[in-house]
Amino acid sequence: MIKARVTVTLKNGVLDPQGKAIEGALDALGFNGVGSVRQGKVFDLELDTADKAQAEIEINAMCEKLLANTVIENYQVEII
Amino acid sequence: MIKARVTVTLKNGVLDPQGKAIEGALDALGFNGVGSVRQGKVFDLELDTADKAQAEIEINAMCEKLLANTVIENYQVEII
Amino acid sequence: MKSAVVLLPGLNRDRDMIAALTKIGGKPPVTVWQTDTEIPDVDLIVIPGGFSYGDYLRCGAIAARMPVMRAVAEKAAQGVKVMGVCNGFQILLEAGLLPGALMRNASLKFVCREVKLEVANAATAFTSGYQQGQVIRCPVAHHDGNYFADTDTLARIEGNGQVVFRYADGTNPNGSINDIAGIVNDAGNVLGLMPHPENLIEAAHGGSDGRALFESVLGVAA
Amino acid sequence: MTISNTVSITDELIAAHGLKPDEYQRILKLIGREPTYTELGIFSAMWNEHCSYKSSKKWLRTLPTSGPCVIQGPGENAGVVDIGDGQAVVFKMESHNHPSYIEPYQGAATGVGGILRDVFTMGARPVATMNALRFGEPEHAKTRHLVSGVVSGVGGYGNAFGVPTVGGEVQFDARYNDNCLVNAFAAGLADADAIFYSKAEGVGLPVVYLGAKTGRDGVGGATMASAEFDDSIDEKRPTVQVGDPFTEKCLLEACLELMASGAVIAIQDMGAAGLTCSAVEMGAKGDLGIRLDLDKVPVREERMSAYEMMLSESQERMLMVLRPEQEKEAEAIFHKWGLDFAIVGETTDDLRFRVFHQGDEVANLPIKELGDEAPEYDRPWVEPAAPAALERTDVPDMDVAEALVKLLGTPNISSRRWVWEQYDTLIQGNSLQLPGGDAGVIRVEGHATKALAFSSDVNPRYCEADPFEGGKQAVAECWRNLTATGALPLAATDNLNFGNPERPEIMGQLVHAIKGIGEACRALDFPIVSGNVSLYNETNGQGILPTPTIGGVGLIDDWSKMARVRFAAENEEIFLVGGPRELGTHLGQSAYLRDLHGRNEGPAPHVDLAHEKAVGDFVRGLIRSGIATAVHDCSDGGLGVAIAEMAIASGIGATVDLADDCDAVAALFGEDQGRYVVTMSKDSAAALAAANGVNIVRIGTTGGSSLKLGRARAIPVVELKEAHEGWFPTFMG
Ligand SMILES: Nc1ncnc2c1ncn2[C@@H]1O[C@H](COP(=O)(O)OP(=O)(O)O)[C@@H](O)[C@H]1O
Ligand SMILES: [Mg+2]
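Protein chains in written order, with the UniProt record's numbering: chain A, 1 to 80; chain B, 1 to 80; chain C, 1 to 222; chain D, 1 to 733.
Okay, chain A solo, but in the shape it has when bound (with noise of 0.2 Å):
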């Protein structure tokens, strides 16, 4: 079995509601100094597989058919 963690992020330049309220939030609560949130997505994914390089394709495959809207996400796959 292999472990994997995908993690999705918004690009540069795309409006991110969620980490504007956060950083707002943050402010509210006394967290100064709190220059910017960016919100993004993990996925942990267990594959029942021992090949690690074929994983790393198949995730790679996950993520642009699934995982990431490319649109306006980047994403990143990391084996554990």
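The set of hints was computed from the structure by calculation and includes no laboratory data. Each hint should be verified, as a subset may be incorrect.
Here's a subset of chain C near chain B, in silico, CB distances under 7 Å, partners left out [claimed, not checked]:
hint, residue
1, G54
2, Y56
3, R65
Ideal placement from N, C-alpha and C gives every residue a C-beta, glycine not left out.
Since the structure of chain A is provided, determine the placement of chains B, C and D with the ligands on it from the hints.
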């Protein structure tokens, strides 16, 4: 300026309807052999400080107070 | 005119939409299910609102990749009219049939209220029953209706008159860029909009400003 | 490797299951041996307050539960009431208080999910929900967090499921600081001859598990719901359940499809103490035994023990008894909707509840006795002390214009728009009156003129001052709110939220509130058809305000004649119907005294039920005959607030004439019961005939852009509106 990434994941045993739906969708798209998917969040922060140790303390406090729902989530802080 | 409504698990304004199409068009639409690979011969395909697949991952993301959406894309390419409302709009974006993306509302909250819409382009198959620039009432009910497109895309759709509805009179409920509430594709046969015209079509709804949209696209006289 | 199902039964373990020593003795006597660990869990679930109603049963039996329109009273998943034309409305209210305090979003969400399931389990498609919420004082450190989480949780679930929220309540009081209340109501429509029940019938039939997989969610949850909070609350956290409205929506569609196929003999949703309660109830009601094979239960976590499976409160699950010949058809429907379907047992004729896991019998209990022999207590109670009388001279006077503007902007009277705009109030396309009026109204789909009205009410401050009058008042106010739309109130559900019943003064509140509710329901022909009791709502010995929430349903024959709160036009006559000659008198426990002067004093207002009925019937007649053009009852804040709300809703002002010698504060802010503000055209007013014994006073005229109360300054309607709409958004930031 310090950059940090906070990763928030669901505690073990807490139901993850999103993860489950994604498992189903991956399967429907022909990605077989995906044992499990758990979805979490990442926050990329920029802090106006140079003090790493201090930043880490601050970010942990942010997690406890806002970024993570510690009733059902774990978090992990990484200074980049 | 024949219409079809796409059914996907988690959609929940399907009954509202079917009622509107039936009441205004005079006959009920056919329905197609997520696994159907073919869509009957119709003039209009509607994807209603709701929370397909729970809106998990991203709104509309999973739905957009179901077999029925491939069939919808083929029909759209043939020029059949396609309309996505709310979740249907999100699905059309995720399926690449419309440009841009819908992000979480700026307030981060679900919002259900009546807004004002300006008909920004009355020359489409969907809006011919309205006057150019007419301001109508329409309810919204969504969590992710904050339209976003990169600068080039935005310039293009604005330049082409692809923006069909805009929130008017300061009623933008979600932070949408340029107050965009609904857009069509390049060819003008695919419409996506966040507001719910199907919930404002009769006296019981307290108004019928949404009717003209259905009358236009179904080709029935007002 | 097998999973251990054996744990030795110690006194500590028994206590940790919330079982008292004498209750444990009762178990020993009943089964004649020491229970297994799984059996102990089963008993703790079946015998806790939440499932057994052991402290309240004696008193609940005194409530009126039948009537000409009642098809099914308490005892099933929800009450069923005939609305004519072969249709029935199915409804219930239930609390999710403790879970919402621990995790507000998921607690509230799963509360909504649970009540929706109760309704569609009976074969009804949900058509309306309400939510009655009570939070600590606004200044309390946790309040905002709770409000924000609970409201988004209620919306998150209901909006995705696809049912309109048509009403509710939000109140703040320091007595809920450590114990918020989340009471969720749901109603559905069904054909009166196609209601489904939990009673199993037939031996050797498959018991089928449907819906989501079982995890460790909420193991011990039902026990928690009945345990008093203390400072060790953190340790109870991992029992949080997560809701999945998507699965529930699929479950709804699959269940309704399956029911239509004729395959369902009995159905029961898995709520508190999931598999245990549902299986026992299906068997016991049908005089049958049930045999479960836990190896067949769909699980989503590894190595789950029998104990955990029997007590899991994973959401979105159902148990059914099916006709064996339609098994395949049923399975196909569930797979179409992406849901689990597993045969996990069968009905037997031995009246035993037998549970097998890994080949071992982990429980073998007498099924009837599990429910029937649950302890029942006649807990000691004391008569509540009556509050001291309040002299008029002891109530501070104030400029009434200033008082009104202030009152409209207080936490408890201001508009709840911030809340209800986060709820989908329009979905299904049948909403005729949205939140903000006296009752939410939806039309009955498929019928040209019929509509249903819904309201949820209680004034906990009145209940604290006088539980009996407060109980009556909650029923009367609910009945009045329905009436104010023109609806004929049909029946109600009650959600009794109280502190620790082992304290005689709390038990006294419960007993008196139930007596008051019963008396009012009898007088108003408003039977209780379902309900829920939530006790032990206290923290470190401080109980909540006694809060018996009443959720009512009424029927409107012709919605085109329905009344609304907003003034219909300028230059109409305004009447106070059902008030005393002085318009208002009672300032004890009023919002005026409490929210403007910080004093919770005096007796609660008295409800004269005969008067209530006469006035309500008269007002309903005015509405139904088309004479009344706008109607609003007087509740918190009295006549002044009622008129202001009518002006705000319409943007039309009014002039209210007050006699020079009138006690304006009492007239405008007194909270006398059984009063309605009614407007009508001048012509109708001239022809208005007095009804037997109902006092009707002309108090003014609509029109203009300000509200003028006697000689006080004219208040622009926009100023009223700003005060009313401003508080909530400002508070939530
Ligand atoms: N949590 C809520 N959800 C939806 N509607 C609500 C909620 N709380 C209050 N409302 C609505 O706000 C209005 C005012 O509430 P309330 O003051 O309790 O009414 P009343 O005094 O008529 O009982 C009602 O229409 C009620 O349904
Ligand atoms: Mg009212």
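Here's how the hints hold up against the structure:
{"no.": "1", "hint": "G54", "verdict": "holds (6 Å)"}
{"no.": "2", "hint": "Y56", "verdict": "holds (4 Å)"}
{"no.": "3", "hint": "R65", "verdict": "holds (6 Å)"}
Of the numbered hints given earlier, the model fails none.
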